[in-house]
Amino acid sequence: MATHVQTATTAHAVESGHHHDHDHHHDSFWTKYIFSQDHKTIAKQFLITGFVSGFIGILLSGIFRLQLAYPDTSFPFLETLLGKWAPEGRLDPNFYMALVTMHGTILVFWLLTGGLSGTFANLLIPLQIGARDMASPFINMLSFHFFFWGTVVLMASFFVETGPAAAGWTVYPPLSALPQAMPGSGLGMMLWITSLVLFVVGVLMGGLNYITTVLNMRTKGMSLMRMPLIVWALFTVAVLGLLSFPPAVAAFILLLFDHSLGTSFYLSDIYIAGQALPQQGGNILLYLHLFWFLGHPEVYIVLLPALGIASELISTHARKPIFGYKVMVYSILGIAFVSFIVWAHHMFVSGMNPLLGSIFTATTLLVAIPSAMKIFNYIFTLWKGRLQLNTPMLFAIGTVSFFISGGLTGFFLGVAPVDIPLHNTYFVVGHFHLVMGVSAVFAMFGGTYHWFPRLWGRMMNERLGYLHFWLTYIGANLVFFPMYYMGLGGVPRRYYAFTEFAFTSKWQDLNVVITMAALATIAAQLIFVYNFFHSMFWGKKAPRNPWKANTLEWSSPVKHIHGNWPGQLPVVHRWPYDYSKSGAPADFIPQYISDEDIARGVRYWEEDFEPLSVIDRPDEGGDGERKAMSPADAPAPQAVLNPNRDEDSASSAQA
Amino acid sequence: MKCMRWIGAVGLAAPLWAQIGAAAKARAAEIAMEAVKSAPAFSWESLLWKVVWLEVIAVIILSFLLVWVVIRATGWDPFATWDRDKNNMRLWMLVGLVFFALVLWSAPHYADRYLPEPASLHGVPIDRLLWGIASFTYPAFFIVHLMLFYMIWRYYNGRVRAATYMETHHGIERGALIAISIPVVTIAVAGIYVWSQPVHGQSPEPGQKEIELEVVAEQFQWRARYAGQDGKLGRYHYTLIGGDNVLGIDFTDVKAQDDIIPQLKEIHLPVGALVTIHVRSKDVLHSLYLPHFRTHIYAVPGQKNKVMLVPTITTREMRKKLGDPDFDYELACNQLCGGAHYNMRMKVVVESWEEYEAWLRQQKPAYQPAQPQPVQAELRMQPNQNS
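Protein sequences, first through last, are from chains A and B.
Going by our numbering, the first sequence opens with residue 1, and the numbers climb by one from there.
Going by our numbering, the second sequence opens with residue 1001, and the numbers climb by one from there.
Excised from the complex, chain A in its bound form (with noise of 0.2 Å):
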């Protein structure tokens, strides 16, 4: 039956069943809500921060795409909303870049990075992997805090005098460096270098949590290859964040001299405002190559999470297991080494050696052999399963389809020759889009709907679930399908308008389209914050397995407790993915359900059915004879003090 082998390092210490005093850990406000160090905790002020601020940013994009539907015509209402922004109701144009600028920040950094790593990675490394919680809950804390206060850094941005940052979300001096090039460029730029300085710093540390967390807190039982596909992204993502953000942040340092200490890092022979500027012997294209050496990365960053989301949705809902398991982990793998080596393509037309363009067109169409293999295999996981179409599941398989759509232009783009005409228009901004705007936001949403039940012991509403899906499917493929059609009408991308040009201004009636279906789909997303909110208060309550998984996190009592078990920690028998298998009572078997707990009749797939009872077990005779526990034998689950004070604990490092 178990075709992986436990190896060595897996060889752990079992829980023995003590249990702490009835000392429970009493909470003031301040520990259980703000500071909590809780993993569970942060996975929600994470999950919840990302959502505020994504919401925030698709905002943003409401406004500008109004501009670009209605050039020339005023809206009252912006004059309003933005006062100095919008003189008689147009859009000032470096406003309008402003705006641009802080959607992408907000959404790469902020919904897609924090938001979904932040989220996931705190929610399920501890309790998929069988552990109390993250190797470091303090640090943990610090992490969440430090992503929070960035928050509060770049949304302040928008309230100085000069604006925000304006000079796109890569911020390329010298357009960022210098105050005089563009308005957003003076205090809002130093905030925005501020708050990204301080996001990084929250993601590795973060990072060094799950790192440390998947390599040593393992419970018995738990292989690597015995690990759901999820927490094997969140680990690979976590060590490509340690490597590629710091070069970044070394950039926008240098940045910061440039901008506030006269320093020449990337400035050279610039003549602005009537002056000529001392600074020689610059580069811009230093800035680039250490921008994107974390640009492409952070883009995998995004996309590995989501897709290791989709792997833990599709299987669960058709029941089956993930086709390939093991080419799968080689892929996560796979692109993560390889999207080290690809960032150039960022900079085919910068004037850089053109043999870097040979190499990087090699490199960067070889990362597409391992992301088509994932597509197939979703595809090939659906194929002789048992489709239960529910929310979580028409999420992911949105995911799916979209990274069709959006993974295939990565051809065009790829090359270095075509993308002589489509740099930089409508086509990458469709491109990108459609891989991380929405597939990735897909699976977000998709382990949203799937997990709400692990976070808030409540079903969100599954009709306007749908609803939801529907809309924004539908809605999402109308705004950014006609963009791949500018793109080949040479129509470029971070422009104002489109009146000025004979070639562009061809293109105005599908910006009319464009920006309806934007806001049709913005409209749509109020839907999902409804529910969402509601849902947390009033949702329907949550059986402890309510989509019948074998994973780990739903063998945790459903109202959460610190330690996550309240007894011992599982041990587990097989891999997650035991779905339909033949012979087996039940089309799902749990991972800490063992062969023999079968054998006697263990009724694990009803409703009432309590793991406890599995899982806090004496232990194991010398003849290996167990004593069959019943339900009412089950400790009473109990509040543990402090997770890092097991002595028998988790958190004693591995061989």
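Check before you lean on any hint, since a few could be wrong.
35 Å max Cα-Cα, derived DSBU-like pairs, lysine-lysine [unchecked claim]:
#1 B:K1209 <-> A:K44
#2 B:K1209 <-> B:K1347
#3 B:K1232 <-> B:K1304
#4 B:K1086 <-> A:K548
#5 A:K506 <-> B:K1321
Going by beta-carbon spacing under 10 Å, a handful of chain B positions derived as facing chain A [unchecked claim]:
#6 A1111
#7 I1126
#8 V1160
#9 L1213
#10 L1285
#11 L1336
#12 G1338
Bear in mind the hints are in silico, worked out from the structure with no lab data behind them.
Note that CB positions come from ideal geometry on N, CA and C, so glycine has one too.
Here the structure of chain A is known, so what remains is to put chain B in place on it, guided by the hints.
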């Protein structure tokens, strides 16, 4: 009923709503008055569209409200016997069909707005490669989506009694690997070839004319400088910029003294000649984007970039091909450079060698000072403008 609480809350707040409504109406009237005073010419058509959109939105919201009220009032549960899996499957089939139809219809429908045939020698293999890649991705889009939709149609919950356990299938994995590797390798090899030969391997044919010009980007316009009689561009330095010397040309350099900066905002290129364009920027990053020629390179302050191209279709010929007597080649900026980034336009004219020479002869050389001495601009630290 729980909704009683809602109705009660709404009702109690009625005076508040009334006040808010009155204030909103007054503010709306204020705004309307201001709009009327400062509005551009009134357009019935745009008003009609605004009203139509408002009505559409109102109808949608009201129908939702109506359905909700009916459900609450009668206790009817439309989802009681609703087959979730079958109906979502049907929606996938419907939406998928409409999606396919729209994609199939739209790609050729907008084809007349894509970039026309390339107007340069190296543009031809670029376009050929682009459409070659499309001949793979376009069918792949449909095939892979069809596979996805098929799985939904064939294996949704109502149609299958049990899933079939399988960890993998080596034949399928191998087939998928081959299926993706062949296009990847083919496209990579083709791409590297086109990049190194047609694009970067341009050199003059025997007897082919060559010209060199410089295009300089600044916030927010393009300037061009042509080599004069000597066929060479002179030195420049950014500290020499000032007064009429907008490009910082060093007039102590003999080669610079006959350089030409066209007074009109247009560039002329001779058809069939090998054109070398030196691209630089005075202030921030810009990008020289000549979409019709498939030419694109950043204008980097402090770095000397250059592109080469051979124009193959004159403006007059292209106008005839497109049936558009007003067509002009356009130079656009394609790297964000500030507020007016969208408005950096320069006309590009391609004409015969004789017409080109005649045009160039009419242009005045660049400003020449009375004494051929460089005027050194004063180096100043820029004040920190961090407000």
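Verification of the hints:
| no. | hint | result |
| --- | --- | --- |
| 1 | B:K1209 <-> A:K44 | 68 Å, violated |
| 2 | B:K1209 <-> B:K1347 | 22 Å, holds |
| 3 | B:K1232 <-> B:K1304 | 16 Å, holds |
| 4 | B:K1086 <-> A:K548 | 20 Å, holds |
| 5 | A:K506 <-> B:K1321 | 18 Å, holds |
| 6 | A1111 | 9 Å, holds |
| 7 | I1126 | 5 Å, holds |
| 8 | V1160 | 5 Å, holds |
| 9 | L1213 | 17 Å, violated |
| 10 | L1285 | 5 Å, holds |
| 11 | L1336 | 5 Å, holds |
| 12 | G1338 | 5 Å, holds |
The earlier numbered hints that this structure contradicts are 1, 9.
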